[in-house]
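Asks: Sequence:
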Amino acid sequence: MDAEVDKLAAAESRLREVIADIVRRRTSRNVPLSWRLMFEIEDEALSLLQHDPELDLRYLDMMASPTAQRHAGNDEPAGLSDVYAMHTALWMIQEAYCRAHAHGVRPADHSHSAKNKTARSAVIPGMS
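In this note's numbering, the protein residues as written are 1 to 128.
It is possible that some hints are incorrect.
[To be verified] SDA-like cross-link-like pairs, simulated, lysine to any residue; straight-line CA separation at most 20 Å:
hint	residue 1	residue 2
1	Lys7	Leu55
2	Lys7	Met62
3	Lys7	Leu48
4	Lys7	Asp61
5	Lys7	Ala64
6	Lys7	Thr67
7	Lys7	His87
8	Lys7	Thr88
9	Lys7	Met63
Simulated from the structure, these hints should not be mistaken for laboratory data.
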């Protein structure tokens with residue numbers, strides 16, 4: 001069992017690293033995080049890790065959002081309170097985007113929805 005936990009931890013760690021690199025490279029000031037951008041980042045990260053011989057692809061698959069959700073990749077602002085945010089990879093993207101925001105990248109504006117703002121600020125401190 002410890003070996004499986006180690007494989008999961010390795011996959012999560014590498015995915016987090018790759019996502020952070022992609023977010024730093026692909027985002028710029030005043031670019032809101034949309035669902036389209038979020039799914040593009042996720043696709044790129046998973047694609048880069050598909051050939052890593054040290055990772056168990058089963059664990060990457062577990063962290064990815066289902067293909068059925070991909071059709072919703074539109075330019076609407078993405079947020080953790082939305083239904084798609086339950087998958088680990090999307091949480092990692094939002095987290096990396098928020099870190100980038102601390103360095104001048106603007107997060108998506110969810111001010112039109114008090115529910116989204118409340119849910120997001122409860123999950124990520126400083127995101128109100």
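Asks: All hints are to be evaluated individually against the structure, with a verdict given for each.
Replies: Here is how each hint holds up against the structure:
1. Lys7 x Leu55: Holds, at about 7 Å.
2. Lys7 x Met62: 12 Å, holds
3. Lys7 x Leu48: 17 Å, holds
4. Lys7 x Asp61: 13 Å, holds
5. Lys7 x Ala64: Between Lys7 and Ala64 the Cα gap is close to 16 Å, so the pair holds against 20 Å.
6. Lys7 x Thr67: 23 Å, violated
7. Lys7 x His87: Cα-Cα ~18 Å, so holds.
8. Lys7 x Thr88: Cα-Cα ~15 Å, so holds.
9. Lys7 x Met63: Cα-Cα ~13 Å, so holds.
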